[in-house]
Amino acid sequence: MRKIITALAFASLAFPASAETIEQRAAACFACHGEHGQSETENTPSLGAQQAPYALIQLFMFREKLRTFEPMNEMAKSFTDDDLSKLSDFLAKLPKPVPPADAGELTRMQRGQALTQQNRCNSCHNADFSGKENVPRIANQREDYLVKTLGEYKDNSRHGYDGTMADVMGPITKEQIADLAYYIARVR
Amino acid sequence: MRICSSAPRSLLLAGAFLGILTYGATAQQAASPPAAAPAAAPLPPGSALIGRPDNEAAQKLAPVAPPPLAAAPDKLPLAKLKVPAGFNIEVYAAGMANARSMALGDKGTVFVGSRLLDKVYAIVNKDGKRTAKVIASGLYRPNGVAFKDGTLYIAELSKVSKIEKIEDNLDNPPKPVVIYDKLPKDEAHGWKFIAIGPDNKLYVPVGQPGNNVLHDDAHGQIRRINLDGTGAEVVALGVRNTVGFDWNPETKQLYFTDNGRDWMSEDVPEDKLNRVTKVGEDFGAPYCYQGNIPDPEFGWGHSCSEFTPPVGLMGPHAAALGMRFYTGSMFPKSYKNAIIVARHGSWNRSKKFGGDVVVVHLNKDGTVKNIEPLITGFLEDNKYVGRPVDVMQLKDGSLLVSDDWNGAVWRVSYGKQKVAGQ
Chain Z
36 MRKIITALAF ASLAFPASAE TIEQRAAACF ACHGEHGQSE TENTPSLGAQ QAPYALIQLF
96 MFREKLRTFE PMNEMAKSFT DDDLSKLSDF LAKLPKPVPP ADAGELTRMQ RGQALTQQNR
156 CNSCHNADFS GKENVPRIAN QREDYLVKTL GEYKDNSRHG YDGTMADVMG PITKEQIADL
216 AYYIARVR
Chain H
300 MRICSSAPRS LLLAGAFLGI LTYGATAQQA ASPPAAAPAA APLPPGSALI GRPDNEAAQK
360 LAPVAPPPLA AAPDKLPLAK LKVPAGFNIE VYAAGMANAR SMALGDKGTV FVGSRLLDKV
420 YAIVNKDGKR TAKVIASGLY RPNGVAFKDG TLYIAELSKV SKIEKIEDNL DNPPKPVVIY
480 DKLPKDEAHG WKFIAIGPDN KLYVPVGQPG NNVLHDDAHG QIRRINLDGT GAEVVALGVR
540 NTVGFDWNPE TKQLYFTDNG RDWMSEDVPE DKLNRVTKVG EDFGAPYCYQ GNIPDPEFGW
600 GHSCSEFTPP VGLMGPHAAA LGMRFYTGSM FPKSYKNAII VARHGSWNRS KKFGGDVVVV
660 HLNKDGTVKN IEPLITGFLE DNKYVGRPVD VMQLKDGSLL VSDDWNGAVW RVSYGKQKVA
720 GQ
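Chains as they are written, first to last, in the numbering used here: chain Z, 36 to 223; chain H, 300 to 721.
In isolation and in its complexed conformation, chain Z is listed as follows (with noise of 0.2 Å):
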């Protein structure tokens, strides 16, 4: 899978840096982040309304390669300051990720809920897990992405911006992450 990604992403990075406007340039990232901000690509993330300033801070670690994934690393590393800045402007006002056609299993979704409780996910992300600010929306995203990322943050293979997941996810297991991944890419 990683290849394909990989191949996909070079391919659309026929991306002279001149004239064009930042929705063409966006038109590189919608191969494997999905049009209108909902991804169809195994463990990628939707990025569709997206907090800006979450989103500058992600693409901005993509360039300095402070957060690594080679095709995004790739992908940012000619971004001036000022594209980082128009293109996180620009995924913030993609429409937001719908949540699956399944509701979701009661009994997980209840145990889902009660994690998000317990954690206190709201403080930071908001009851609605819409985020703000540098923390991100969370609602509705893909439940592989959000498996994968609670598990990098937990192991601290994925450096945050600053500790703050690592900290919080320390507690967490295995089991609770798959709850709180199923719920969350489900909650209505």
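Hints may be right or wrong, so weigh each one.
Stated by the list, open to error - Here are a few chain Z residues that sit away from chain H, every Cβ distance over 12 Å (derived from the structure):
id, residue
1, 63
2, 98
3, 135
4, 139
5, 161
6, 205
Unchecked claim - Subject to a maximum C-alpha distance of 25 Å in a straight line, what follows is the list of computed DSS-like cross-link-like pairs (lysine-lysine):
id, chain 1, residue 1, chain 2, residue 2
7, Z, 209, H, 484
8, H, 650, H, 577
9, H, 650, Z, 167
In case anyone wonders, no lab produced these hints; they're calculated from the structure.
Glycine included, every Cβ here is placed at the ideal spot set by N, Cα and C.
Using the hints provided, position chain H relative to the given structure of chain Z.
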């Protein structure tokens, strides 16, 4: 001797409810009643959110992250910053994203660490022209810098390294060489301020690995090591998270700022200014905060009288970080041997507090007499337009202040303004 253990569930609950009660007593706005909290299961032991009530006012609070891009020189909020009559403030250098702790080289180079980036910067003064450049990168949270006898020391999250003869090699600096790495790797309070004491040893803090946790023997302390990395020794215990310290020029005693815990209430505990009078003193975390508040969870079975009290309090959630004694002669006499402290500013408080630089005047016995503002204006309409991190005196007696929000360093001088060479 401390061991990690999980607190009984009943204690956790007691902590949570106490937090709610204290909170309700101080919060002014009519938030929805904290009725939702009992429905949720208690937080896991060690959670960063213990004590946080589940109400609207608390939901508005989250750690504030600075923008990743340094502000352009023409966008810096210089006009908004205020200093007392007779003082001047100017931009010393800009374009250093996430500028944090500072150290001064023998030849006048100013070294600046970063916490959220991988870089250490140098502000180089050449032929009256000042430029900022990256001298080390690929480092992990290189917040701390110190300088002695031509050598730059850099503290990353879990190791300390050095670059010898750095000022002779600013155009092509060699890679840092690790001298000490027997340090925990926790993210929480893992970034470090470092400084070299009058005993010629390098002081390295290890914060508590969380907001409010019963830490093990490797955390919650300040250590000192020889400049070659040998001879590690614990100097102070019960330290939650210090990001600034310096030695009293008269008594040679170590003073350090220490940040209080989150989510106990809006107004307490306050951050502390501590003084080490003998090696191995315990300053109370996590059993006792601000010298007189037993922690609602860990304070049971302890008394604040077991611990060394602070010499002064620095304000609720103020994030008192970098601090240095002022030994110059440029500022008025009352500043001599006073402590200048950068308060980064709160996040865990509805009405933000701090976000300024203050002068702490001491009594003859070394305790705090009063605190006065030196630079204000970083906080506007409850939002930051800048956040001071560290302070450092230049040879002429003027003062530099780093700002991780703008990626800049400010310079404060007194008297008829002589702008430092551009």
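Structure-based check of all given hints:
{"no.": "1", "hint": "63", "verdict": "holds, 21 Å"}
{"no.": "2", "hint": "98", "verdict": "violated, 9 Å"}
{"no.": "3", "hint": "135", "verdict": "holds, 26 Å"}
{"no.": "4", "hint": "139", "verdict": "holds, 20 Å"}
{"no.": "5", "hint": "161", "verdict": "violated, 7 Å"}
{"no.": "6", "hint": "205", "verdict": "violated, 6 Å"}
{"no.": "7", "hint": "209(Z) to 484(H)", "verdict": "holds, 21 Å"}
{"no.": "8", "hint": "650(H) to 577(H)", "verdict": "violated, 38 Å"}
{"no.": "9", "hint": "650(H) to 167(Z)", "verdict": "holds, 18 Å"}
The structure fails hints 2, 5, 6, 8 (numbered hints given earlier, in ascending order).
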